[in-house]
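Full structure from sequences and hints, please.
There are 2 protein chains.
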Amino acid sequence: MPKISDRGFTMPPSPIRKLAKYADAAKLRGIEVLHLNIGQPDLLTPQCGIEAVKQFSDSYVSYSPSAGNLSLRKKLANYYKQANIDISYEDILITTGGSEAICFAYYSILNYADEVIVPEPFYSNYYGFTTETGARMIPVRSSIETGFALPQIEEFEKALTPRTKAIMLCNPNNPTGYVYSKNELEQIRDLVKKYDLFLMCDEVYREFCYDSPHYSVMNLKGIEENTILIDSFSKRYNVCGIRIGALISRNKEVIATSLKFAQARLSPPSFGQIAAEALLDTPADYLRTSAQEYKERRNYIINELNAIKGVRSPMPKGAFYSIVELPIDDAEKFCQWLLEEFEFEGSTVMFAPGNGFYTGKKLGENQVRIAYVLEHDKLKKAIKCLREALKVYPGRTIEQ
Amino acid sequence: MPKISDRGFTMPPSPIRKLAKYADAAKLRGIEVLHLNIGQPDLLTPQCGIEAVKQFSDSYVSYSPSAGNLSLRKKLANYYKQANIDISYEDILITTGGSEAICFAYYSILNYADEVIVPEPFYSNYYGFTTETGARMIPVRSSIETGFALPQIEEFEKALTPRTKAIMLCNPNNPTGYVYSKNELEQIRDLVKKYDLFLMCDEVYREFCYDSPHYSVMNLKGIEENTILIDSFSKRYNVCGIRIGALISRNKEVIATSLKFAQARLSPPSFGQIAAEALLDTPADYLRTSAQEYKERRNYIINELNAIKGVRSPMPKGAFYSIVELPIDDAEKFCQWLLEEFEFEGSTVMFAPGNGFYTGKKLGENQVRIAYVLEHDKLKKAIKCLREALKVYPGRTIEQ
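Protein chains in written order, with the numbering used here: chain A, 1 to 400; chain B, 1 to 400.
Please keep in mind that the hints were generated in silico from the structure rather than gathered at the bench.
Identical chains blur together in the list; that is why a pair holds if it fits in one copy or across any two.
Straight-line alpha carbon distances no greater than 20 Å define the calculated SDA-like cross-link-like pairs of lysine to any residue that follow:
id, residue 1, residue 2
1, LYS54, LEU44
2, LYS384, PHE342
3, LYS361, PRO13
4, LYS182, ASP211
5, LYS81, LEU70
6, LYS3, GLY222
7, LYS21, TYR89
Encoded structure:
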């Protein structure tokens, strides 16, 4: 039997999805699983997006242009103008989710064994995509003590090597919920300029900042040709399944190169593009209401978590995630145990084990990532489950 | 300004799409462009697929499982049973088009600088995906003289090196239209077995064989764990825009590894999966009628082409492509000239230049790939345009 590749072997499984089979088994046993493991919100998709798809009247579903439908690109450029980001539709490629935008950017800027510096903990799939590309992800540690603020800029500078090609940020951050300030981003800007690096920033949670406005890397002056923005419709309008994202850069070479990768895969999904274009007409009120809802959920769950003995979570400033420290031996064991051996009043809770968001084997071992995307009653149940679980989990490190 | 990657630089633009801007400009001048460059058919999509999408009634568009919806995988396994291919739904991953299935397979089996042997001319994006993966494509030449039959098996053997990991076929073939016989496939089987290679086969045109039935690599005995099937709904039901394909293998390690890459990109498109699942209920008559229609178009256009002085095309046995030799200096120049400087009665014709389907710079220089996916009247017009164009094109090599 021929062997799979080293890349395939070292490719990490998703920490968010790898316990899915245990959740499925729990559900088959009749247990309600409260999914705090995955950023799949429960808010309604704006009806205009669904309706547009239902109006489809072509006689067949054809390829779209590889860069995405022109009408969508133009309308999206207009969305950015309203968000105070001045770009042209020619700076935009429509991609199959934000995931594909990351891949195209990586392919376009990274050679084999090149390095990308990323604050740790990080969205685990960045690590997956780096592996896929044959490049290396170099972590710079942020800490729960500072609420996962940007690490000291000296730490980034120490991580630089001749192979460093880019710094990658996620702002608002998945998995920590931290929102980088203008001042922090300007420090990064100076570094990027000094060493002529690319700066990639994933801003898919832009609309979900709870305590202060968002500042986009696209507004950093002097690094216009270094900056690549990753975006997605998924979370903004709760349409994770349409698989429509965008790669945005004022660097024409990056766009032209990424377009070659886009041509190879032919086109982004047609139905998703129809939905996305219509969703850009969603009344502004929808996003305000969504952000308010998440803010209330955040306030509730973070306060409840910190009220449990030995549990610690910073107050996230944006997105809908937090990295939470638990009084346990090993988060992966705990998460699996929750699904396989625990229930409280017919329910259990599912988290994403923390170590999947770090490079080191031991890092984040007593942490989980939560996504507070469920309605209040379910969050309440989830907190109850966690409280009870920490009383009886064999690997608990303190007694409740 | 930071530099793009070597991979980005060497990534080939799509020969099928790179002249698109000249076609757009011609259309703006009011000229009808007859698209024989791209496999975008004009047959109706079965209504059941579109209707299923219109029935969408969830309150939001959620992620699907990374492997695709279970109901779709099960129903697709049943389709294969009917096509005499015995596989389980567990051998199937749903992908974002056949393109993504190729990428996942490449990532799973190829290390950096590993080699894949492919008969040449080949579907140009195979070359793109190999470049993306950091692997190398090793061509083995097939010839217009034999109608692009499988090259002698000794040629494959000569191309083997210690880095050879796989042989890749496309059957029915894009771009040549050749359909490999059981006997040819058994020769490949013996080679694959002898050297313990992977055998990847793209069978997206399975239902379009005009002169003899299709034989799938999944039915080759003794290499069950070496074989990876690439498939897609796009051409079968004329739904290129839904972006739903499949990666199929009885090698559990290949499926488990590919699933990790699938998890990193989260999920295939939801609307596309809904359409695909419903399309599997399409009456068998639809595929028979489609195949009959393409067969008539084939007969018409290939005979007409061969009737033009200096033009030569083998009679393709399947798919809806042919590699056609023209009495011209350079197909790329000719194709661009057709769009920029030529028109006949308000129309012109667009082909894909042949050299994009070969590795060598000079190969296929006087060839184009045609896709005979347009209705009879348009094919007739296209032939007229070509006839007239060959009379006046400055780089013609014979006089009409």
